[in-house]
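> Listed here are the chains, written in short residue letters.
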Amino acid sequence: MTSIQVLAAATVAAPIVTAVLAALVPARWVARTAVAGAVPTAVLALSLAGLAVADAAHPVTGRWIVVDAAGGLLLAVIAVTGLTSVLLSPAWLRGSSGSLVAGRRRDRVYYAVLLVFWAVLLAVPLAGNLGAAWLLVEATTAASAVLVGFSGRRHALEAGWKYLILTSLGLGVALLGIAILAAGLPGGAGGLAWQQLATFGSGRPAAVSAYLLLLTGLAAKIGWAPVHNWLPDAHSEAPPPVSALLSGALLPAVLLIAWRSERALAPVIGLHPAQRVLIGFGLASLAVAVPFLWRPMPFKRLLAYSSLEHMGVIALGVGFGTPLALAGVAVHIAGHAAAKALGFHCATPLLAHEPRAASHPVTGIGRTAPALGAAIGVSLGALSGLPPSPLFVSEVLILAGGFSSGRSWAAAAAAVLLALGFLGLAHAAIETVAGKAHGRDGARLPGLRPVAALAGVSVIFLLGLAAVAPWLAGTGFVAALERGVP
Amino acid sequence: MTGLEAWLVVGLGLGVIVVRRRSVATGLVTVQALVLAGLALHRAGTSSDVVVALALAARALGLGALFLFAVARSREQQPVRAHLAPALRAGIAVVLILVLTGLVPAFGLTSPVAGRAVLALVGTGLTCVATRRATLFQVLGIVLVENGLALAALMSPHASSLVIELGVTLDLTLIAVVAALFHLRIFSELGAGDSGALRGLRD
Chain A
1 MTSIQVLAAA
11 TVAAPIVTAV
21 LAALVPARWV
31 ARTAVAGAVP
41 TAVLALSLAG
51 LAVADAAHPV
61 TGRWIVVDAA
71 GGLLLAVIAV
81 TGLTSVLLSP
91 AWLRGSSGSL
101 VAGRRRDRVY
111 YAVLLVFWAV
121 LLAVPLAGNL
131 GAAWLLVEAT
141 TAASAVLVGF
151 SGRRHALEAG
161 WKYLILTSLG
171 LGVALLGIAI
181 LAAGLPGGAG
191 GLAWQQLATF
201 GSGRPAAVSA
211 YLLLLTGLAA
221 KIGWAPVHNW
231 LPDAHSEAPP
241 PVSALLSGAL
251 LPAVLLIAWR
261 SERALAPVIG
271 LHPAQRVLIG
281 FGLASLAVAV
291 PFLWRPMPFK
301 RLLAYSSLEH
311 MGVIALGVGF
321 GTPLALAGVA
331 VHIAGHAAAK
341 ALGFHCATPL
351 LAHEPRAASH
361 PVTGIGRTAP
371 ALGAAIGVSL
381 GALSGLPPSP
391 LFVSEVLILA
401 GGFSSGRSWA
411 AAAAAVLLAL
421 GFLGLAHAAI
431 ETVAGKAHGR
441 DGARLPGLRP
451 VAALAGVSVI
461 FLLGLAAVAP
471 WLAGTGFVAA
481 LERGVP
Chain B
1001 MTGLEAWLVV
1011 GLGLGVIVVR
1021 RRSVATGLVT
1031 VQALVLAGLA
1041 LHRAGTSSDV
1051 VVALALAARA
1061 LGLGALFLFA
1071 VARSREQQPV
1081 RAHLAPALRA
1091 GIAVVLILVL
1101 TGLVPAFGLT
1111 SPVAGRAVLA
1121 LVGTGLTCVA
1131 TRRATLFQVL
1141 GIVLVENGLA
1151 LAALMSPHAS
1161 SLVIELGVTL
1171 DLTLIAVVAA
1181 LFHLRIFSEL
1191 GAGDSGALRG
1201 LRD
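Protein chains in written order, with the working numbering: chain A, 1 to 486; chain B, 1001 to 1203.
Bear in mind the hints are in silico, worked out from the structure with no lab data behind them. You may find that some hints are simply not true.
Chain A side only, calculated, beta carbon under 7 Å to chain B, not exhaustive [to be verified]:
id, residue
1, Leu-135
2, Ala-139
3, His-155
4, Glu-158
5, Leu-169
6, Leu-176
7, Ala-179
8, Ala-183
9, Ala-206
10, Glu-482
Model, not experiment: these values are computed from the prediction. Every residue gets a Cβ at the ideal spot worked out from N, C-alpha and C, and that includes glycine.
Using the sequences and the accompanying hints, generate a full structural model.
Put into structure tokens, the structure is as follows:
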């Protein structure tokens, strides 16, 4: 094994070992064990991501493992999002009651499942073949469904059930696509390495069918419209740290599998037809999300529909496929994860400050809890694409990439939808932060201090990302994204 | 794969669409998976193939036992009625199967019959999830889809990948265990394993 492969194995093993320890240590040590294990996990993953991005021109590829530029980007995103989720979980657990499991085992089960979910997520961008990637994505479903329904409340059970059934069914459809591919590859199921998909030999019609089934199935997990029905429910009912991980890390990680499949199968089905499918999902997701962004919504549900919009934007960028658009994709994945994770983490103090926020739109949070209002403002402002948000820069890059690729109609339609989405979300941000305020008890705000600290770090990161974004398109990193897995 | 074998596995799947009792449906899915395991054992040429066949059989029996346990722990006062009559559900399944077999070209399995049987099982599973309200039937729909995919792996012209085959088996088992946990919790919360009652989250 090379040193990179050892590092990759350690990155995935660290949270699993921590999960085992969290399941075994005395109850009062569970949270501290989880936090103590999360920090080295994030350090390992960020080191690996750093190596992958720094040496983007020379990816490590094998039958079971790949460490490349796109994988490095996703590893970094999953590492940071996972770390914040573990660090902010104690505040949520302290302020909540009831769960799927017996009370005295609640925290132990929560941390063990959260860490296993994180471990599997970290493995997804490292999967060296389509079969292994599918297995890992399916494994995230089992762990994350438990977490979505973890509160045990009726609505959480409904959300967890929909998530489990719809995504499992979608992944079953994706597996049918993989079975068709395996039947046409010289090595069968053992020949599903990304580099070998281009050797598919059962003809273009079968390849197109396989690709459509694969992408439709993955779309159900990514939350692309029109197969997104589970997404608003799961994101709004899951514990806030889990919602952050689902939205900021899981969705783009699965999207990476769709992206790799598009790159790998393009030689067989043609680059433009492969990209058109992604553009179709992107436009459909934007068109479905925008009307909901204009409606008054409970805070977490609003963030969920924003996820639908942003996964659509990333799909468009990947579908346009030019260096400009791919630079936009990279910035969008990182910026969306930071802003969305911050938004979901704000929900922990918000729900204590204003319990109606679970089921109703809330207004004027900045008037009754200024620090929380500021954090929510940063999150929603960045997600809406309000300059100087990096998501504004990334959307401009993606649209410019769309026009430069000759897909003017798709880029123009996306521009109109993005403008409408911006207006809806910016209005929601203003109302939530500075709208009319009701009398609230400002004394009890669990988790406010770490959320405020996270908001500060996020502002620095988002501004830094916005500053480097315009220069990214000409770099070796984006050239590596364009190449895919060699 | 012979036509008789294909009709047998597809017929068992269609049975799940129309039967009323959860225990009967569980039995049909278990028998279907055991038939597939038998086929796998019959065709096994290497020790890996034997391991895959035994894993399929273990999965079939394990999931059957799990679902029967879930049925026993969630006795309904009366079965959860689907919105659609059994004949209509079967009709929808047949139409979906015809559409799938018409749209998806032959994809290189060892026999064309096997390819059509795979698509039929996937169509049956999708119909089961979409048309049955009982939570346990929806999980059985997913197992039907996975049985179809197990058949595809079995009838592939190439050697199977042991890691991937066992991984799929493990993943499905995990999903089924989590689904059974949810089913029991939904039953204790609502007094019925009825997905139709889970309609509180709407925009």
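> For each hint, tell me whether it holds in the structure or not.
Here is what the structure says about each hint:
1. With a least beta-carbon distance of about 4 Å to chain B, the hint placing Leu-135(A) at the interface is held under the 7 Å criterion.
2. For Ala-139(A), the suggested interface contact is upheld, since its CB lies about 6 Å from the closest CB of chain B, less than 7 Å.
3. Restraint check, His-155(A) versus chain B: the minimum CB separation of about 5 Å is within 7 Å; hint holds.
4. Using the Cβ-Cβ criterion of 7 Å, the hint placing Glu-158(A) at the interface with chain B is satisfied: the shortest such distance is roughly 4 Å.
5. For Leu-169(A), the interface hint holds, since its Cβ comes within 7 Å of a Cβ in chain B; the closest pair sits about 6 Å apart.
6. Look at Leu-176(A): its Cβ gets to within about 6 Å of chain B, closer than 7 Å, so that hint holds up.
7. Below 7 Å, beta-carbon pairs count as interface contacts, and Ala-179(A) has one with chain B at about 4 Å; its hint therefore holds.
8. Below 7 Å, beta-carbon pairs count as interface contacts, and Ala-183(A) has one with chain B at about 4 Å; its hint therefore holds.
9. With 7 Å as the threshold, the beta carbon of Ala-206(A) comes within range of chain B, its nearest partner Cβ sitting at about 5 Å, so the hint holds.
10. At about 29 Å, the closest approach between the beta carbon of Glu-482(A) and any beta carbon in chain B exceeds 7 Å, and the interface hint on this residue is violated.
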